[in-house]
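**Q** Next come the chains, spelled out residue by residue.
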Amino acid sequence: MTECKMRVKLSADLTILTSYNDPDIILRFSQGDEHAFRTIFNAQLQPLCYFAHKILGQKEEAEDVVSTAFAVLWERRAQFNNGGAIKSFLYVTVRNACYDLIKHRQVVNNAQETITDINSEPDITIDARILQTELLQLILSELKSLPERSRQILEYSFLEERKTGEIAGLLSMSEAHVRMEKSRALVQLRKLLLEKQLLEVVVILLALIKK
Amino acid sequence: MQPQPLLLRVLYKSWSQQPLSPEESQALTAWLSADTHNQQVFTEISSGQWPHHDLQYYHQVSPDKQWARVQQKIALQQRPVRKMRYQWAAAAAIAVLLVSGATWYLIRHQPVFTKPTIQLADIQPGKQGATLTLANGEKVVLDSLANGQISGTNASLTNGQLSYKASNTGTSYNTMTTPKGRQFVVVLPDGSKVWLNAQTSLRYPTAFIGPERRVEIIGEAYFEIAPNASQPFFVNIPGKAEIAVLGTSFNINAYTDESAINTTLIDGAVKIQNTLLRPGQTAQLNTALTIVNADVEKVTAWKNGIFNFEGESLQEVMRQLARWYDIEVVYAPNVPNIIFGGKMSKDVPLAGLLRGLEATGVHFRLEAGRRLVVYK
Chain A
1 MTECKMRVKL SADLTILTSY NDPDIILRFS QGDEHAFRTI FNAQLQPLCY
51 FAHKILGQKE EAEDVVSTAF AVLWERRAQF NNGGAIKSFL YVTVRNACYD
101 LIKHRQVVNN AQETITDINS EPDITIDARI LQTELLQLIL SELKSLPERS
151 RQILEYSFLE ERKTGEIAGL LSMSEAHVRM EKSRALVQLR KLLLEKQLLE
201 VVVILLALIK K
Chain B
212 MQPQPLLLRV LYKSWSQQPL SPEESQALTA WLSADTHNQQ VFTEISSGQW
262 PHHDLQYYHQ VSPDKQWARV QQKIALQQRP VRKMRYQWAA AAAIAVLLVS
312 GATWYLIRHQ PVFTKPTIQL ADIQPGKQGA TLTLANGEKV VLDSLANGQI
362 SGTNASLTNG QLSYKASNTG TSYNTMTTPK GRQFVVVLPD GSKVWLNAQT
412 SLRYPTAFIG PERRVEIIGE AYFEIAPNAS QPFFVNIPGK AEIAVLGTSF
462 NINAYTDESA INTTLIDGAV KIQNTLLRPG QTAQLNTALT IVNADVEKVT
512 AWKNGIFNFE GESLQEVMRQ LARWYDIEVV YAPNVPNIIF GGKMSKDVPL
562 AGLLRGLEAT GVHFRLEAGR RLVVYK
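Chains A and B are the protein sequences, given in the same order.
Numbering-wise, the first sequence is residues 1 to 211 according to the numbering used here.
Numbering-wise, the second sequence is residues 212 to 587 according to the numbering used here.
It should be emphasised that the hints constitute simulated quantities derived from the structure, not laboratory data.
Since we're looking at a predicted model, the values are computed, not measured.
Some hints could be false.
Derived lysine-lysine pairs resembling DSBU-like cross-links, with alpha carbons at most 30 Å apart [stated by the list, open to error]:
1) Lys-451(B) <-> Lys-509(B)
2) Lys-103(A) <-> Lys-554(B)
3) Lys-144(A) <-> Lys-276(B)
4) Lys-404(B) <-> Lys-191(A)
5) Lys-59(A) <-> Lys-554(B)
6) Lys-509(B) <-> Lys-404(B)
7) Lys-391(B) <-> Lys-350(B)
8) Lys-59(A) <-> Lys-338(B)
9) Lys-182(A) <-> Lys-224(B)
10) Lys-103(A) <-> Lys-224(B)
11) Lys-59(A) <-> Lys-391(B)
12) Lys-391(B) <-> Lys-338(B)
13) Lys-451(B) <-> Lys-103(A)
14) Lys-451(B) <-> Lys-59(A)
15) Lys-103(A) <-> Lys-509(B)
16) Lys-59(A) <-> Lys-376(B)
17) Lys-163(A) <-> Lys-509(B)
18) Lys-338(B) <-> Lys-350(B)
19) Lys-224(B) <-> Lys-276(B)
20) Lys-144(A) <-> Lys-224(B)
21) Lys-404(B) <-> Lys-482(B)
A short list of chain A residues far from chain B (calculated; beta carbon distances all over 10 Å) [said to hold, decoys possible]:
22) Leu-27
23) Gln-46
24) Lys-59
25) Val-66
26) Ala-71
27) Phe-80
28) Gly-84
29) Phe-89
30) Asp-127
31) Gln-132
32) Lys-144
33) Ser-157
34) Thr-164
35) Gly-169
36) Leu-171
37) Arg-184
Derived CB-CB ranges, DEER-like [what the hints assert, rightly or not]:
38) Met-180(A) <-> Thr-369(B): 41 to 49 Å
39) Pro-547(B) <-> Asn-42(A): 46 to 54 Å
40) Ile-549(B) <-> Ser-141(A): 49 to 57 Å
Every residue, glycine too, gets a C-beta built ideally from N, C-alpha and C.
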């Protein structure tokens, strides 16, 4: 894609949580190991697609932008020596490509005086969307570490949007019991997050310069 | 701007409806007032309804499918093309072909009960793939073949790219053909790399023996020729042109339904009918030869997965779409003359792309037999 005025530079002092089981993964990736690339890909794919989808409101375009970012990442693999740099690169590449697409939509629309309402309004809340994406990952990763029963109740209610009555049926519990377990599970989830102080360590990008 | 860990914690607490400390409230207020759009995201996160619905898409993303897509893109990716020692190149070309007569086409005679067998929404973009025809006439479809050596050849397939090894065995000819809706990359035995656009055919020897290297092309291809002063490279456009090269990068567009053969030089030098072409120039050959300055990015956009419609007529745009989406295009009377601008990804399904084009005042409908009708 072409250069765009909104290009953003990353500041050097990013701290990012990137946890791969194998500490050598970045090294092997930068030396051209495809398995390492796949591991990184698996870890970052869904968040990036989510992020792009939030901005573009369109699945196909989102996945196109993300796959292009990974292809470019692979081409430049030799430049990366830490996971944080990879993550920032992917976010920024996807973000810029989304800008380009939105700009293009606007060009097409403006050129024609008649604004078509087919494309949903572009979302320019991009920095906040990065935060939202990171928050979602945080919630999902912590959800996994809850005890089985609590996790199941929260997954049914968050991920599958099931009603309390339904969950009660599925788990053979009373509705009151489900409600109680649910609020207990939520408390646990919060506690986990705060105890680990993940929120302090975690994140991210965004010393991204504002437009 | 607020330190991000603090903000993330604030958002997390808002999501889980916990009280904020004074410091956190202050951070939140500052963040919300910094940008009106932040408000929108905050409202979403703290609504009690997030992330329920969003997670359906999150979990629906298929790593295998997207991985295949990334691999395709890597295979098609352009290598940095600045090589040092290009000395010269020469060329020729020729031309002419007629614009297809499809500019107006009466559609009112079609049978009343014809129903489309497929919907517009079903028409997917082209992808990587080709058919390799061996010297003995055997055909190998490369679209879904696993990596590895192609039996009976000195060529092997790696992630959607076919590479020949140099060999001294006798010369036989292979032909790589891309149908509509496919493009492909082949590395010839001398290391020269050729990107084939859709509906293109490249014929080449499996070993370059003798004083010259010769290939034949119909359609459109981008060449990065490995320099070798002692063995000049020739591209034949059968019956129409011969382009002599020695180490250079260039694009040839020689589709039979385009009005001219366009040779665009990216790097090196090319001589056509005794006219020297410089990098960044296009030689347009139909009845006469015209040299124009080229928009190199536009000319080579196709191999980077992009349609670049800058300055193109409706018919030019539709011919590209016909090749990539494997459709036939017909025009209702009175379709306006439109000049397009802008770029679009080649990865989107046809419906999405047409939606963008419809903003210019033309409309489309799909009929049986992948026939797309353009009307006012």
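**Q** Evaluate each hint against the coordinates.
**A** Going down the list of hints, with the structure as the test:
At most 30 Å may separate the alpha-carbon atoms for a hinted pair to count; Lys-451(B) and Lys-509(B) meet this at roughly 25 Å. Between Lys-103(A) and Lys-554(B), the direct Cα distance comes to roughly 11 Å. Compliance with the 30 Å bound is thereby established for this hinted pair. Pair hint Lys-144(A) plus Lys-276(B) holds up; C-alpha atoms about 25 Å apart against a cutoff of 30 Å. A hinted pair counts as satisfied when its Cα atoms are at most 30 Å apart, and Lys-404(B) with Lys-191(A) does not qualify at roughly 58 Å.
A C-alpha spacing of about 19 Å is found between Lys-59(A) and Lys-554(B), which places the hinted pair at or below 30 Å, so the restraint holds. Of the pairs offered as hints, the one joining Lys-509(B) and Lys-404(B) holds, with about 20 Å between alpha carbons and a cut-off of 30 Å not exceeded. Simply put, Lys-391(B) and Lys-350(B) have alpha-carbon atoms about 17 Å apart, close enough for the 30 Å limit, and the pair holds. Under the criterion of a C-alpha separation no larger than 30 Å, the hint pairing Lys-59(A) with Lys-338(B) is consistent with the structure, at around 18 Å.
At most 30 Å may separate the alpha-carbon atoms for a hinted pair to count; Lys-182(A) and Lys-224(B) meet this at roughly 17 Å. As the CA atoms of Lys-103(A) and Lys-224(B) are separated by approximately 34 Å, the hinted pair breaks the 30 Å bound. For the hint pairing Lys-59(A) with Lys-391(B), the CA-to-CA distance comes to about 25 Å; that is within 30 Å, so the pair holds. Restraint check: the Cα-Cα separation between Lys-391(B) and Lys-338(B) comes to about 10 Å, which is no more than 30 Å; the hinted pair holds.
This hinted pair does not check out: Lys-451(B) and Lys-103(A) have alpha carbons roughly 42 Å apart, beyond 30 Å. At most 30 Å may separate the alpha-carbon atoms for a hinted pair to count; Lys-451(B) and Lys-59(A) exceed this at roughly 45 Å. Restraint check: the Cα-Cα separation between Lys-103(A) and Lys-509(B) comes to about 18 Å, which is no more than 30 Å; the hinted pair holds. Restraint check for Lys-59(A) and Lys-376(B): not satisfied, since their Cα atoms lie roughly 41 Å apart, outside the 30 Å limit.
Of the supplied pair hints, the one linking Lys-163(A) and Lys-509(B) is violated, its CA atoms being roughly 54 Å apart against a limit of 30 Å. Of the supplied pair hints, the one linking Lys-338(B) and Lys-350(B) holds, its CA atoms being roughly 19 Å apart against a limit of 30 Å. Distance hint between Lys-224(B) and Lys-276(B) is unfulfilled; the C-alpha atoms sit about 35 Å from each other, more than 30 Å. The suggested pairing of Lys-144(A) with Lys-224(B) holds, with an alpha-carbon distance near 19 Å, which does not exceed 30 Å.
For a cut-off of 30 Å, the pair hint linking Lys-404(B) to Lys-482(B) stands: about 21 Å separates their Cα positions. With a minimum CB-CB distance of about 20 Å to chain B, Leu-27(A) clears the 10 Å threshold, and the non-interface call stands. Once the 10 Å rule is applied to beta carbons, Gln-46(A) is inconsistent with being away from chain B; the minimum gap is 5 Å. Taking the minimum C-beta to C-beta distance to chain B, about 7 Å, the non-interface status of Lys-59(A) is violated against the 10 Å cut.
The Cβ of Val-66(A) does not lie farther than 10 Å from every Cβ of chain B; its closest approach is about 7 Å, which violates its non-interface assignment. The claim that Ala-71(A) is not at the interface with chain B is violated, since a C-beta of that chain comes within 10 Å of its own (minimum 4 Å). At roughly 16 Å from the closest C-beta of chain B, the C-beta of Phe-80(A) stays outside 10 Å, upholding its exclusion from the interface. Distance check on Gly-84(A): its Cβ is at least 13 Å (rounded) from any Cβ of chain B, clearing the 10 Å threshold; non-interface status holds.
For Phe-89(A), the requirement that its beta carbon stay farther than 10 Å from each beta carbon of chain B is met, with the minimum near 15 Å. Its closest Cβ contact with chain B, about 8 Å, brings Asp-127(A) to no more than 10 Å, contrary to its assignment away from the interface. With a cut of 10 Å on Cβ distances, Gln-132(A) falls inside the contact zone with chain B, its closest approach being about 5 Å. Residue placement check: Lys-144(A) keeps its beta carbon more than 10 Å from all beta carbons of chain B (closest about 13 Å).
Its beta-carbon lying about 8 Å from the closest one in chain B, Ser-157(A) breaks the requirement of being farther than 10 Å from that chain. Against chain B, the non-interface label of Thr-164(A) holds: every CB pair exceeds 10 Å, the least being about 14 Å. Every beta carbon of chain B lies more than 10 Å from that of Gly-169(A), the smallest distance being close to 19 Å; the non-interface claim holds. Consistency note on Leu-171(A): stated as away from chain B, and its beta-carbon is indeed over 10 Å from all of that chain's, at 19 Å minimum.
Here Arg-184(A) stays apart from chain B, with its beta-carbon at least about 13 Å from theirs, past the 10 Å limit. Checked against the hint of 41 to 49 Å, the C-beta distance between Met-180(A) and Thr-369(B) comes to roughly 58 Å, which is inconsistent with it. About 49 Å separates the C-beta atoms of Pro-547(B) and Asn-42(A), a value consistent with the hinted range of 46 to 54 Å. In this structure the hint that Ile-549(B) and Ser-141(A) lie 49 to 57 Å apart at CB holds, the actual value being about 50 Å.
Violated hints, in rising order: 4, 10, 13, 14, 16, 17, 19, 23, 24, 25, 26, 30, 31, 33 and 38; the structure is consistent with all others.
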